[in-house]
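J.: Note that the protein sequences, when read in sequence, are chains Y and L.
Take the first sequence: its letters are residues 0 to 133, numbered as in numbering that gives the first Met the number 0.
Take the second sequence: its letters are residues 0 to 113, numbered as in numbering that gives the first Met the number 0.
Don't read these hints as lab results, they were simulated from the structure.
Just so it is clear, CB atoms sit at the ideal spot from N, CA and C, and this is done for glycine as well.
Among the hints, a few may not be true.
Facing chain Y, according to a computed beta carbon distance under 7 Å, are these residues of chain L, among others [unchecked claim]:
no. : residue
1   : Ala22
2   : Tyr44
3   : Phe51
4   : Ala71
5   : Gly74
6   : Thr75
7   : Ile78
8   : Tyr103
9   : Trp106
10  : Ile110
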Amino acid sequence: MSSAAAKKHRPKYLSLPAILFEIRLPLPGWVSILHRISGALLVFPFTAWLLYMLDVSLATQQGFDRIQGYLQLPLVKLGLLLFIWAFCHHFCAGIRYLLLDLNRGVELRLARASSAVVIAAGLLLTAYFGTKLW
Amino acid sequence: MVKRLVVGAHYGLRDWLAQRVTAALMAVYALIVAGAFLSGQPMTYGAWRELFARGWMRVATLLFAASLAWHAWVGTRDILMDYVKHDGLRLALEVLTVLLLAGYLSWTIEILWR
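The following block holds chain Y by itself, in its conformation from the complex (with noise of 0.2 Å):
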């Protein structure tokens, strides 16, 4: 880029109602964007929160009693249905990420299409594992 043009002041639009109400992203790019949300989230809390019970649940029986215990409430079930949306989710789509990085599936109707697939696996293997955990 030359330098005149960098200096060109070139608008943006990316307000924050332009970024939630106006701005539709195409299905692939949700796939990027809930593989990132879904990374983060696995990185804090979930990493935490999953290292603490394996810490209590391994350290003693009481503390591997009160895990059990602590898996039925409804909140915590609520959040690790979210833990395993996020983890299957994440999972998914860094396969379709391999895949590409090997030109597997890189044209326009393929990619799509491995977007769709992603975003349904995701949501399927959590009901699978939320109907287990219920």
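Please arrange chain L on chain Y, whose structure you already have, making use of the hints.
T.: What follows is chain L alone, placed relative to chain Y:
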């Protein structure tokens, strides 16, 4: 095909590759753990403790934790580079991330070899 001269320390390529290798490692571990959970046997404290007392399980779990730390560092840094434009704030958040991930790794070691 663009022929370009790659110069510098190759941090980008190394991290890009590391993120993918660690992802594959963690995926294998996750499938094994998910399979164990889905086998449907009610878990007792004795079986739970014994599982994490096994040498291979400890090594696999430590490998998972180390992979997670590296993978999450690359991912978090990518997110911070994209959204946090203020240099000082980004540096602070990066330091916080490193501390958090190092803390996770140490905590995992403490849990496994108590």
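J.: Hint by hint, say whether it matches the structure.
T.: The hints, checked one at a time:
A hinted interface residue such as Ala22/L counts as satisfied when its beta carbon comes closer than 7 Å to some beta carbon of chain Y; here the least separation is about 5 Å, so the hint holds. Annotation: Tyr44/L was flagged as interfacial toward chain Y, and the flag holds, the nearest CB pair being 4 Å apart, inside 7 Å. Interface hint at Phe51/L: satisfied, since its Cβ lies 6 Å from the closest Cβ of chain Y, which is below the 7 Å cut-off. Against a cut-off of 7 Å between C-beta atoms, the interface hint on Ala71/L holds, since the closest Cβ of chain Y lies about 5 Å away.
For Gly74/L, the interface hint holds, since its Cβ comes within 7 Å of a Cβ in chain Y; the closest pair sits about 5 Å apart. Below 7 Å, beta-carbon pairs count as interface contacts, and Thr75/L has one with chain Y at about 6 Å; its hint therefore holds. Given the 7 Å rule on beta carbons, the hint for Ile78/L holds: about 6 Å separates it from the nearest Cβ of chain Y. Because the beta carbon of Tyr103/L sits about 6 Å from the nearest beta carbon in chain Y, less than 7 Å, this interface hint is met.
Checking Trp106/L against chain Y: minimum C-beta separation of about 5 Å stays under 7 Å; hint holds. Using the Cβ-Cβ criterion of 7 Å, the hint placing Ile110/L at the interface with chain Y is satisfied: the shortest such distance is roughly 5 Å.
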